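K.L.:
What follows is each chain in one-letter form.
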Amino acid sequence: DAGITQSPRYKITETGRQVTLMCHQTWSHSYMFWYRQDLGHGLRLIYYSAAADITDKGEVPDGYVVSRSKTENFPLTLESATRSQTSVYFCASRTSSALHFGNGTRLTVT
Amino acid sequence: AQSVTQLDSQVPVFEEAPVELRCNYSSSVSVYLFWYVQYPNQGLQLLLKYLSGSTLVKGINGFEAEFNKSQTSFHLRKPSVHISDTAEYFCAVSSSGSSNTGKLIFGQGTTLQVKP
Numbered sequence: 664d665a666g667i668t669q670s671p672r673y674k675i676t677e678t679g680r681q682v683t684l685m686c687h688q689t690w691s692h693s694y695m696f697w698y699r700q701d702l703g704h705g706l707r708l709i710y711y712s713a714a715a716d717i718t719d720k721g722e723v724p725d726g727y728v729v730s731r732s733k734t735e736n737f738p739l740t741l742e743s744a745t746r747s748q749t750s751v752y753f754c755a756s757r758t759s760s761a762l763h764f765g766n767g768t769r770l771t772v773t
Numbered sequence: 281a282q283s284v285t286q287l288d289s290q291v292p293v294f295e296e297a298p299v300e301l302r303c304n305y306s307s308s309v310s311v312y313l314f315w316y317v318q319y320p321n322q323g324l325q326l327l328l329k330y331l332s333g334s335t336l337v338k339g340i341n342g343f344e345a346e347f348n349k350s351q352t353s354f355h356l357r358k359p360s361v362h363i364s365d366t367a368e369y370f371c372a373v374s375s376s377g378s379s380n381t382g383k384l385i386f387g388q389g390t391t392l393q394v395k396p
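Chains as they are written, first to last, in my numbering: chain C, 664 to 773; chain W, 281 to 396.
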């Protein structure tokens, strides 16, 4: 089925480890986004991408790295995970007028 | 810079009663406005959006919202709620116009609790 697929759905990692969250869309939308969701903060933008090889920082980019070598994939990497990065991460792509979200990855950093 | 304030963190309401979830925004440029709903352990689903035209916008599941530019508000309403409407609701804003990237600024969310 067409849509946005995020993997894994759940991930537990240790402080200091590198972890990559995957996002794949089947629509070939140009714009893609990564948000984190934390209680009391709603969703905050980490990074976004306008097209392959074009990325830009959002509101909370520190500690994260993104890449976009192909239009359909937009992985998010935590280079050295910290406990403050425990969160639910959502990937989204932009339709003509709104964002369509994946089901999220719940990341716990111990 | 843009910001969104959802005035209530939790709204308890009885089944079949009307409900209003309040949202105010701040922006120095013209905006698009959105309401999303999040059911437990799921992603966000678009309820409705205001891009232009009529200020009263109808969405899915019987929800509607009214854009009030002078009050910088975009309140969400439903005349009669169901148990299945229990969820987290998010108001969001983006810049309109040719430079629009589509990136959304979200409010903190409102938990709607529908009681039998």
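For the record, the hints were derived by calculation from the structure and aren't laboratory data. What you are looking at is a predicted structure, and each value in this text was computed from that prediction instead of being measured. Keep in mind that the hints are not guaranteed to be accurate.
[What the hints assert, rightly or not] Just so you have them, the derived chain W footprint on chain C, three or more residues with Cβ under 8 angstroms: (1) 702-715; (2) 764-770.
[Claimed, not checked] SDA-like mimics (lysine to any residue), calculated; alpha carbons at most 25 angstroms apart, straight line: (3) LYS329(W) with ARG707(C); (4) LYS733(C) with GLY703(C); (5) LYS383(W) with TYR694(C); (6) LYS674(C) with GLN325(W); (7) LYS349(W) with ALA713(C); (8) LYS338(W) with GLY323(W); (9) LYS395(W) with GLY377(W); (10) LYS349(W) with PRO396(W); (11) LYS395(W) with GLN282(W); (12) LYS338(W) with TYR312(W); (13) LYS329(W) with HIS763(C); (14) LYS349(W) with TYR330(W); (15) LYS720(C) with LYS349(W); (16) LYS383(W) with THR734(C); (17) LYS338(W) with GLN388(W); (18) LYS383(W) with GLY703(C); (19) LYS395(W) with SER732(C); (20) LYS720(C) with GLN290(W); (21) LYS349(W) with GLY377(W); (22) LYS720(C) with GLY679(C); (23) LYS395(W) with LYS349(W); (24) LYS383(W) with HIS763(C); (25) LYS329(W) with SER670(C); (26) LYS338(W) with HIS763(C); (27) LYS720(C) with HIS692(C); (28) LYS383(W) with SER732(C); (29) LYS383(W) with ARG672(C); (30) LYS383(W) with GLY726(C); (31) LYS720(C) with SER670(C); (32) LYS383(W) with HIS687(C); (33) LYS383(W) with GLY679(C).
Just so it is clear, CB atoms sit at the ideal spot from N, CA and C, and this is done for glycine as well.
K.L.:
Does GLY323(W) sit within 25 angstroms of LYS338(W), going by the straight-line distance between their CA atoms?
P.N.:
holds, 21 angstroms
K.L.:
Would the hint linking LYS383(W) and GLY679(C) be met if the CA-CA limit is 25 angstroms?
P.N.:
violated, 30 angstroms
K.L.:
Holds or violated: are the alpha carbons of LYS720(C) and GLY679(C) at most 25 angstroms from each other?
P.N.:
holds, 22 angstroms
K.L.:
Given the hint that LYS349(W) pairs with TYR330(W), does the C-alpha gap stay at or below 25 angstroms?
P.N.:
Between LYS349(W) and TYR330(W) the Cα gap is close to 12 angstroms, so the pair holds against 25 angstroms.
K.L.:
Is LYS395(W) within 25 angstroms of GLY377(W), Cα to Cα?
P.N.:
violated, 41 angstroms
K.L.:
Between LYS349(W) and ALA713(C), does the CA-CA distance stay at or below 25 angstroms?
P.N.:
Violated, at about 29 angstroms.
K.L.:
What's the verdict on LYS720(C) and SER670(C), does the C-alpha distance respect the 25 angstroms limit or exceed it?
P.N.:
holds, 22 angstroms
K.L.:
Could you grab the alpha-carbon distance between LYS338(W) and HIS763(C) and see if it respects the 25 angstroms cut-off?
P.N.:
holds, 19 angstroms
K.L.:
Mind checking the alpha carbons of LYS329(W) and HIS763(C) for me, to see if they're no more than 25 angstroms apart?
P.N.:
Judged against 25 angstroms, a Cα distance of about 13 angstroms means the pair holds.
K.L.:
LYS349(W) and GLY377(W) were given as a pair; does the straight-line alpha-carbon distance stay at or below 25 angstroms?
P.N.:
holds, 17 angstroms
K.L.:
Is the hinted pair LYS383(W) and GLY703(C) satisfied, with a Cα-Cα distance of at most 25 angstroms?
P.N.:
holds, 20 angstroms
K.L.:
Quickly compare the C-alpha distance for LYS383(W) and HIS763(C) to 25 angstroms and report which way the hint goes.
P.N.:
holds, 11 angstroms
This entry does not satisfy hints 4, 7, 9, 10, 11, 15, 19, 20, 23, 25 and 33, going by the numbered hints stated previously.
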